[in-house]
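Enquirer: Chains as they are written, first to last, in my numbering: chain A, 1 to 290; chain B, 1 to 573; chain C, 1 to 316.
Some hints could be false.
[Said to hold, decoys possible] PhoX-like cross-link-like pairs, simulated, lysine-lysine; straight-line CA separation at most 20 Å:
#, chain 1, residue 1, chain 2, residue 2
1, A, K99, C, K24
2, A, K99, C, K27
3, B, K346, B, K441
4, C, K122, A, K100
5, B, K148, B, K466
6, B, K205, B, K195
7, A, K130, B, K441
To be clear, the hints were calculated from the coordinates, so they are not data collected in a lab.
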Amino acid sequence: MNKQRFSLFDVLNVFLLSVLSIAILYPFWQTVILSFSDPSSASSLGVHLWPEKWIPDAYRFVFSYQDIAAAYFNTILRTVIGTVIIVCTTLLVAYPLSKKDLPYRNYFTIFFLIAMFFSGGMIPEYLLIKNLGLLDNRLALILPGAVNVFSIIIMRNYLMTIEKGLEESALMDGAGYFTILTKIIVPLSKPVIATVALWAAVGHWNAWFDAMIYIRDPSKTVLQMVVRQMMVDMDLSQTQFGGGGMTNANLLLSNVRAATVMISIGPIILIYPFAQKYFIKGIMIGSLKG
Amino acid sequence: MNKRIKVLLPVLLVGALSLSMVGCSSDNAAGNGSASTTDGNKASGLPAPGDFTNNLELKLSGSFTRGKIEDGNWVQKKLEDKFNIKIDNVKVDTFNKDQVQLMIASGDLPDTFAFTAASMTAQDYLDNGLTRTIPKDMIQKYAPRYTKMLDENPPGWEENLAPGTKDQYLQLLGYQGHTKSLIWAPTFRLDWLEKLGIKPPGDIKPVGTSGGKERIFFTEKAYTLEETENILKAFTLDDPDGNGKNDTYGLLPFNNNLSNWASTLMGAFGVASGYNLEENGKLTAAEISDKYKQFLKLMAKWNKEGLIDPEWTTIDVNKSWDKYLLGQTGYYPAQPAYVGMDDWTKGRAPQNLVVKDPNVKLLVTAPEIGADGQQGEGSFTPVNMLGDAFYISKKVTDEQLARILQIFDYINFDDDAIWTLYGDIGTHSNWEGTPEQSALKIKPEYPETEGNMGFYAYNFRTYDSKRASLLTSEDTMKLKNDFFGRQDVLDKMQIKPFKYDLMNQTKSSELNKKYSGQLDTIVSEFRMKAITGQIDIDKEWDKYVQSYLNNGGKEILAELDKAPKVSDLLNIK
Amino acid sequence: MSTVTPLAERPSVRKTNENWVRAKRMKALYLMMLVPMILLFTFHYVPMYGIMVAFKKFSPGLGIWNSPWNHFEHFKGLFHDFLFTRALRNTLIISILKLAISFPAPIVLAVLLNEIKNGMFKRVTQSISYLPHFMSWVILASMVGEVLSPQRGVVNYVIQLFGGQPINFLSDTHFFIPVLVLTDVWKEIGWGAIIYLAAISSINTDMYEAADVDGATRFKKMIHITVPSLVPMIVIMFILSLGNILNAGFDQILNLYNPMVYGVADIIDTYVYRRGIEQFQLDYATAVGLFKNVVGVALILSANAIIRRRSEHGIW
């Protein structure tokens, strides 16, 4: 039926999405150029699509300024572990709460919901981490956010829509709930698991505030803290008598900042096409079964 | 089911709250540093100065530290040996508001601290039970050099006396010798002036001999505001860079730090940002004074004539440095250290352009002269040269305090202690120019501050003229000696507040804290809209002043009125 | 009802007993929730005593527990402060605009992406659309600043090509809000679409096939099958975003605004930040935070109740 030539709708659709892609990409390309450009040409008037010369000075400066490798390692570590934990807790809570016949279900739902809206604030949370002895410990970056209520709600609602036939027959066969969760529910909900995982991973990748207040040891810091230091703290004009100034007078602050941006998102852009393949595959498999 | 949830929600909330309260009361006690202090203790029962028999553990934080200190650093080891102490380093970025705020709010403070980012007053710390007072007899016994400094800078003792006491002090103060100077000076593109045929206001001489400094010239004379306006016009309209395009501007302000970019311009109207003044026989705030209004009107006029780079509203001071580097700006304010090219000023305008482009020449002048011959800028410190605060935590015992005072006195006031800042001269650092007369520079293989060496990690911001000179290059020093730091220049050009609550006699600082968020919003919004011509200054002025007064301004001024006049404070001997 | 029914026969009690029996049978499900509940309790409920600060005059030396109460003083003060009420108004305006524009945008994108048959094109477009989400506003704001710069930015370059005057978008009260909404769309459209794409992928393909047999056009299928099957997800997301109505985007605005546009862009969070965090008024900031949360919860509860009354959707 759909094998005929492209309809007007298709053409329009492709055009629209291409415009969107360009609009999204343009600022990034500009950043790439800025990070490699000679200061004077980068900031001159007009639209630049290609730098006159590729100059890596800004990157050299950023790499010499901070221990980027350790920051990368810590960020990857927290992202991987943190994501796995969030996906697990989300499934463990969403599945029981998706059962309409679970007694006292609403009390449990409320228990989780309240946590989504109210929190005690920075000071008691800091005191808690301190009293648990987790200051300067990477666990302080993972445990407080281990349960994500938002993901739980999304997952629960998704689970409520999937068909119950398979599950019921498994119950009849004497399978336990845990077996059903891992053997039946998880394969059926791949798309939403992928979504939750992606949310969690990006959340961890971008998090910096917790690292700022809980981590003191520079070898345990995360990438976004380094980015922030380059973007925000480099501003501090009060660092009068303590260095912190730029040592290469030929660089613009904006060159350095652009390079920092590229360093922090570079790996994502590189890994993304591969990860995306699996991600989409996950969704597709899910849709075939669903 | 929904109704039930609605009913249950508050119940559950309360339940959860009370549960968590029970769970947490222990956390709380732990966070409350409940160690008792021994007030009014006599120094007589304590070890004599120099007697370090008991090994003490001290939790120290410096005053410029950024939390990058490493344990077991070079300075730490030497200090530990010298004073028989064990130092527990505090890794907090004293410039970071959130980190500092958490430390304060959780009561988890080091034994000594001086947080840059905190906005609490000495009185606040004491009232909140975070700090202890320092008895006079202990200061005199254990910190003789500091004692001498306070004696020489009246009313050094009185200004930090704890209220209701005669010999208990709130904090340790610093002598800010490095600020004994005019801070800002206007700079003009001299190559443009030459091209346009405009003469400098007086004799000019180069600031230095190399590194671009030979192209920066200085004159003690100044342009008048009117002359400045004409120059800015020429800079904007007469194509001073000769590229045939109308792409240059006179002025490049930025949307934060008014006291940087407008310091001398406001000075030409006799008003300084943030300082109160007497106008028509009444105390008023700078931001609602008639002089400030005149300043705004001039800026609005300049903006209308196109002399101001229109992008200024969206760039901050750092971005303005980048923008200046494009070479399209004719006028930019600079500190003497910027044109003297001290290390810490690298990359800042206007020297960044001088370094980059060998054709650029710069002229530094004295502050512009206003209509009534007014000339100057706000002084860095309101009364004397004392400022900042080094606090002693509530937990510190008298024995610890005795040791802390001796360390403090040594590191900050003893000429032998320069190694705590620069290591061994020759090994870790070198003189930049003439030995003993120029700045000291750490060798590139060592971290300039903190890190594994621990330089600048335990000191306090107090710089007598000797210490200040260690930070300052020879050329900058010369500028200061020749003009910017000269006593007659300071007497003539420093604008000080009319009244100042130096001795904490009024509630003004408390009120300030309460209202400054609102007042800042009102003031900065009005200023930017006024300058960019979005509002008519004459029409909106009364409404603005009223809004300022109604949102706390009136209360603050009424309280400040009770404070002593700065001119009287300066006469205390 | 004055007659006394025996306890065991009262419907509620009978139900309780039944519940217990069923609960025992399903105890594995409760066990599953145990660890997450402990985690949530420890790291979320235990620190909740901090909410008390909203009703206290907080003194760090005394700690949260021992600081003196000042009851509702902070809350009373809020509505006497014209800057706060202005911030409240701005927050609502910005939030509602974002709900009207940024909220549906990802749905449209998801539906359009779903119609793309070329897998490669679809994948590339989708990848690109996520990109801005990976970055914080500190970074994005500097990009936005470059693009919109009156002197270097591409937007003003185009305006000038067509003979217009350059516009300083970020300090113009008329343009600032549209910029906020558009950059919000720019950052979140691709990311927001993920959840809808996941939902689309679970639509039963039989439905499309049946429609094909009936000779339905692509457009008709899109409107009559794809969109309706997204409704449950849209409802959930809408209710949840209602709860955020008093969060108009702190990070975004903090990094983009300047005093020129305070009049339209100063939201509750930025105002409280300038007042509470910069000036150390933690108790005040906590009070405002609590106020926002209560409003958010109230909105979510009522939206959920209304929607539940009209359809079977809802978040619980």
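Enquirer: Work down the list of hints and note, for each, if the structure agrees.
Expert: Hints, one by one, checked against the model:
1. A:K99 x C:K24: holds, 15 Å
2. A:K99 x C:K27: holds, 13 Å
3. B:K346 x B:K441: holds, 14 Å
4. C:K122 x A:K100: Violated, at about 37 Å.
5. B:K148 x B:K466: Judged against 20 Å, a Cα distance of about 16 Å means the pair holds.
6. B:K205 x B:K195: It holds: about 19 Å lies between the C-alpha atoms, which stays within 20 Å.
7. A:K130 x B:K441: violated, 39 Å
The structure shown violates the earlier hints numbered 4 and 7.
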